[in-house]
Amino acid sequence: NAGVTQTPKFRILKIGQSMTLQCTQDMNHNYMYWYRQDPGMGLKLIYYSVGAGITDKGEVPNGYNVSRSTTEDFPLRLELAAPSQTSVYFCASSQIGQYIGNEQFFGPGTRLTVL
Amino acid sequence: AQTVTQSQPEMSVQEAETVTLSCTYDTSESDYYLFWYKQPPSRQMILVIRQEAYKQQNATENRFSVNFQKAAKSFSLKISDSQLGDAAMYFCAYRRAGSARQLTFGSGTQLTVLP
Chain F
1 NAGVTQTPKF RILKIGQSMT LQCTQDMNHN YMYWYRQDPG MGLKLIYYSV
51 GAGITDKGEV PNGYNVSRST TEDFPLRLEL AAPSQTSVYF CASSQIGQYI
101 GNEQFFGPGT RLTVL
Chain U
1 AQTVTQSQPE MSVQEAETVT LSCTYDTSES DYYLFWYKQP PSRQMILVIR
51 QEAYKQQNAT ENRFSVNFQK AAKSFSLKIS DSQLGDAAMY FCAYRRAGSA
101 RQLTFGSGTQ LTVLP
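Protein chains in written order, with our numbering: chain F, 1 to 115; chain U, 1 to 115.
It is worth saying that the hints were derived from the structure and are not from the lab. You can take every hint at face value.
Heads up, incomplete: computed chain U residues facing chain F, CB under 8 angstroms, no partners named:
{"no.": "1", "residue": "Gln-44"}
{"no.": "2", "residue": "Met-45"}
{"no.": "3", "residue": "Phe-91"}
{"no.": "4", "residue": "Gly-108"}
All C-beta atoms, glycine included, are put in the ideal place defined by N, C-alpha and C.
Could you put the whole structure together from the sequences, leaning on the hints where they help?
Right under this line is the structure:
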């Protein structure tokens, strides 16, 4: 299993440009998440999904959009990029239940710089 | 709302020695999970250890163990026989049981291992 994969690994955007960060998991997890990590900080949730067709906002959703058309994929869309969106973005997936680990599995991250 | 506090931004330990990283959390829930994640320079988030709140026994994973004090809402990580590869940022995280929402992360502790 590849686990959680993210593309691209690095990207530089100009102010006002748009892009999509890709995330795919092959563990058949229902739950998927997008976090951002600013320098020296912990991770903050942008959006999450509990299954195909169902998404919800996290702590810091402004300036982002998501979709979940399949169990495997959970792309994050940045519209009108701003310098405040310079960050490292992590995708994660999880399965939730009483007798399983409940931990989240993370992708390798995408480092995004907006100039 | 739940909060997670790591009061030690930086720690250092001599190789082969033992170090303890502190974490406190605030919640009104009785059933939850606690995690320690390691983030090396590669940025990959790696699960180190997990603790279920309903279990009184402290979790252990090889050289890693926790001291879980539920009444005090404290969840410290002990690393024994520290190795150079243990150098990383360590994040404490909380998740309410049965919740599809995110992990709540602390701000992290940067651990340096001195040869």
